[in-house]
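Chain A is fixed; fit chain B onto it per the hints.
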Amino acid sequence: MRVRIAVISTVLVLLMASVQPPAAQPGRVMVYSSLHETEIAAMLDAFTRKTGVRAEFIRASSGELVARIRAERASPKGDVHLGGPADGHEVLAPEGLLEPHKSPEHKFIGPRFRDPKDRWHGFYIGALAIAVNKPRFEREMRPRGLDYPKKWEDLLHPAYKGEIVVANPFTSGTAMTFVATHVLRLGAERGWKYLEDLDKNVNHYTRSGAAPARMSAVGEFLVGITFGHDILKPIVEGHPLHIVYPPDTGWEVGAVSIIKGGPNTEGARKFIDWQLGKDAGKLHSDISLRISVRSDVPVPKGAIPITQIQLLKGYDLWWVAQHREALLRIWDGRFRR
Amino acid sequence: MLASARLRVREVRWLIREPALMLVLLCVAALLVVFVLLPVVRVLGSPSASHWLQFFQREAFVKATRNSLMMAALSTCSAMAVGFLYAYAIVRADVPAKGLFRTVALLPLVSPPFVTGLATILLFGRRGLITHGLMGMTYNPYGWHGLWFAQTLSFFPIAYLGVAGVLRAISPSLELAAHNLGARRWAVFRTIAVPLATPGLASSALLVSILILADFGNPMLLGGDFYVLATEAYLQVIGRYNMEMAAVLCTVLLLPAMGFFLAQRYWIGRRAYTTVTGRPTGLTPLRASRLLRGVLFAACLLVAAVVLSVYLVIAAGAFVKVWGVDWTFTLKNFQYTLFRQRDLYNSVRFGAAAGVTTAVAATVAAYLTQRKSFPGRGVLDFLTLLPVALPGTLVGIGFVLAFNQPPLELVGTAAIIVAAMAVRTLPVGYRLSVASLHQIDTSIEWASRNLGASSLKTFLRVLLPLLRYAFAGSFIYAFVKSINTLSAVVFLMTPGKVVASASILGLADHGYWSQATALAFSLIAVALLALGVLRLVAGRRVQLFDL
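First to last, the protein sequences are chains A and B.
Taking our numbering, the leading residue of the first sequence gets 1, the next gets one more, and so forth.
Taking our numbering, the leading residue of the second sequence gets 1, the next gets one more, and so forth.
Please note that the accuracy of each hint is not assured.
Here are the computed lysine-lysine pairs in the DSSO-like style, where the Cα-Cα straight-line distance is at most 30 angstroms [as the list claims (entries may be wrong)]:
(1) A:278 to A:161
(2) B:497 to A:260
(3) B:332 to A:134
(4) B:321 to A:134
(5) A:200 to B:63
(6) B:332 to A:50
(7) A:313 to A:278
(8) B:497 to A:270
(9) A:161 to B:63
(10) B:321 to B:497
(11) B:497 to A:77
(12) B:63 to A:193
(13) A:270 to A:134
(14) A:151 to A:134
(15) A:282 to B:321
(16) A:301 to B:497
FYI, nobody ran anything at the bench for these hints, they're computed from the structure.
So that you can see chain B by itself, here it is in the shape it has in the complex:
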């Protein structure tokens, strides 16, 4: 007790000695409290007991809860399975056409998730190209099955990224050593790869399931009578502005997400293994057998074909007059995009600002929590990662509740939209930075400190250059995610501050498919363009979606 108190005193004394550091720390802490903690507190605090009673009494809400959990479980399993297959094939099995597969997996990451839902209607809907046009049947995609398909396709790339990162982080040297000591392939896989990969896999699954749980674009388009919590909450806000009831639904949505989050933090997190040191190994991993490679290649090809058909149909839909009725080629739909260019422009500038905010905040926060000791370090780390467990709808509703009146009357400004976007992407940026920091040996910093540099100087001159890829990665990730985000910002839009993703969903919802696809096409083009520009500027050094 006394010892720990003494430690705190010493920590504070260190901080006082470095006022610049202290100032930065206070700023970060204040921002996190206002933009992460406060909205959550407002959501948790606004409903009364009667609202909760209503929740348990209404069959519709209970059913929505069940539906949400079921959809998250189903889609996470399928997305993880596809993602693992894909990652193993690309990272370990060294299948041919890796570049193509990577590019294909990139597409769902750089487009709004509900694009897959829209394509599902166009391909497999009641007037769908494949089900109706080619097979002459009337399949009704509105329901859990259509949604499951769309969610798997939308979210498998995230699983792929997570798994690929995990597989890459496992240094081949351990496997080679085991192999050299006489272990067979399967034994190596079981005793080296699996235990090393489990924490990473679990955390990818966590991320995927939370994203699926919170998504409402696809359930909105494809759900039909299959309501999930996110769509229920959305309707409570948009249809009735019953903020309290929406807050209840968000809280229910938050519980499983929070459970996963805490499990990851206190169970999986403890079992995380880092085998990467600052020194690259330069060893090539064990090669998979020919048969395995063949099977994996075929599976990847199938997945890639399905994903490509989704995007081809979006592109095609943008250029035909009326999908399913009049297939005449036209550019007229893009006139509509021109008319909506304001929304596209809003998406881009809000996204860019969110990208900068996320990258800066994530890098600074990672440095503080990983390299400095101060009172409340654990809390800071917790708050930075917390948004990963927050459904977008909750962030949106929390922001409305927290920033709708003085002293923080921010609803109606662009800043609030940017803040919501940044909060949503902060955890991933933070994780990127933390992971990079873990790879940098502290000895470099101690050397700098011993030579008399301050914390700030060490950060700027030693760490920042080493972290620049993580920084760029955070920026682009946040930009691309932000221009596609929907759930958090849809509640914050005011006249003149409408973003493209919301317009696309609105158009698709109205049955204006051609216009919706044209606008989606443009939005995807913007995202790809941004990635292209980054590639031009930074070359191959920034491999954002190849982590």
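The shape of chain A in the complex, shown without the other chains:
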């Protein structure tokens, strides 16, 4: 009996010990990222191979990460905030939550793609687009005399009732860009009116910004609104999606930043320098179909050059960052059904 108890308790102690590694692992960079999981994993692998610094990540939508970084301000657990529209980074800058960093790669990146005070650094650009499930459209909409939507207003047609999905701006940076696009495009009053009219056709608001592309790709919903690169990806994988960049579409500078006071700020600096470099830029563009802000990184195969897209001229990420909370409050009041 005694022997058995001894054996059992030894096993238990060993089991408990296996949970907590003996020491905290120094040198690991903790990455909070809103890119796709497979992309993050590929990027971090390449980073570790190149620099020898190991990295761990957690994926969440960028609105969620903004909230998380704010919540952890007393003792930050993350080092790097990777990806998502720059307004989600800019909004944290005046709160003193970002660590400035001067990177040698800055000279390859245009000044309008980064923070003048070096607290966030743009590395890709993207524009909002509309994804339409082709077979379903041909079957259900074409006979009703509809053509593929070409501009934002086309989505207000009653035929699309319950068939449109777009994300919730509280969680998704994509959706924040979407909401701001219409407010900036049409002015506050008409912009919110547009969103209210569109709301009649929206089935529900998803958590993740890229989810609508997947949902329309499999035909669960007819129309998804998200960033173009998130639509191109399922297209390249062979899904029957039609992509439309409507005129005056909103756009993002995708950014990366260092979280102030994180456990491994030195590692984070290394990561930023690597991420902004040419090789990482090419790797990222190739796997994500996002377009690099560096002119020496080629537009990946299957992607649409940003020059062919009619971007909304008045889109101002600094304005969006400044008005983020106000926009969210209004959205919350009107669209939480």
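Chain B alone, transformed into the frame defined by chain A:
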């Protein structure tokens, strides 16, 4: 007054005489206070009056409260009905193919609850296999009806387990005696089985309703515009880190759960009947009529078929390219699982550690409260059972609030995830141990004490061997539940400490169904493997999900 004070003094004096026991007692008490009480206190204490005002003013929150209560009521009724039917058929009516039915009921217990939600989308969704593929219609499962279906299927096995336990605990000898004295079957059922079973049934219903109330995986996937408190609280935390508002919502969620809990404790609990003694009876219960058995068999068959279709669709989804679009066979989705093996591994090791923690804590706590008298015994019992009334979201948010800053800065460690898992499973483990202890006559212990053994020695040498099945049961229960848990741990995950259940929900939420099903398939396989290993090691002596 004086007498009770004298009693306390005597109790303390006994404790001082046994320092080992006292040390154990203090440890257990400290752990319960820190990991059960403190998070609750933090949740209750953090919101201000203005947050509460906001809650009552916002229609969305009031609506979510209504939705939560309605969903819990509906799904508990349906889950209990199915569970009772199932249990009666298996335990009392002795229907054929019992083994198959038991195994089928096991499946929802060993998989994340939202797997049923995912399968509902795949089967009955807008591109669902049955609704769209076979029947050519476009049914929208997003809403209360789809959710009701998924919740019933997810939680009926828990009802079944509870009811089966109750039915088994009723010794057939009473029924046989009544029968022999001339009572008819119906009279026996009404006057013996029902009153004996009522407390147990009520407490199973309580457990089921609290679990449904707190679940957010399925509402997340299937709710659409139908928001419940758990999803609201989740969005408040994940979307805004508005901890105070989330705490308000959790408190609202806690109120009904707490009400059920107190009702069970002070009303049903008093009416609990134990007919099991240490001596097995070896009597076979009355046989049900042929007609009844036939009807029950058909009903069980139907339930089993629906559950099986859920798991077949998960398995099938894991092996096709794109569900609903491209049905080509592929193993590619499992490459993704390989890529997520880290999450699976995390689930397993955290789950195992939580299993050990729960089993040890539950056994020790049960021994202390059931066999020892000391000041604060009732409080200890209360704290051990309290987590049953705590929604997972509340535990998660409470842990973040309580352990996010010094001196207890534990968020970001694996230990905190394990602790959350263990707290969640502690009450069931404790109940298992208490039930086993009740079946052991105290005379055995008195004999041991009279022969000069200390409390500790008596516990280790006499009780522990008798409790080993309850111990193993607690461990496996906690392990399986922990690898599938989502609500409590989702707020505690940091880079490198992501668990598989959260990845599955994330993937399903993004519409990556094939990858989600492949990962879910792997997670279920792990759970079944664990149960299989247990069966190999312990043989048929440990009948965890057959209590």
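* Compare the structure with the hints numbered earlier in the document and write down the numbers of the violated ones, lowest to highest. => 1, 13 and 16
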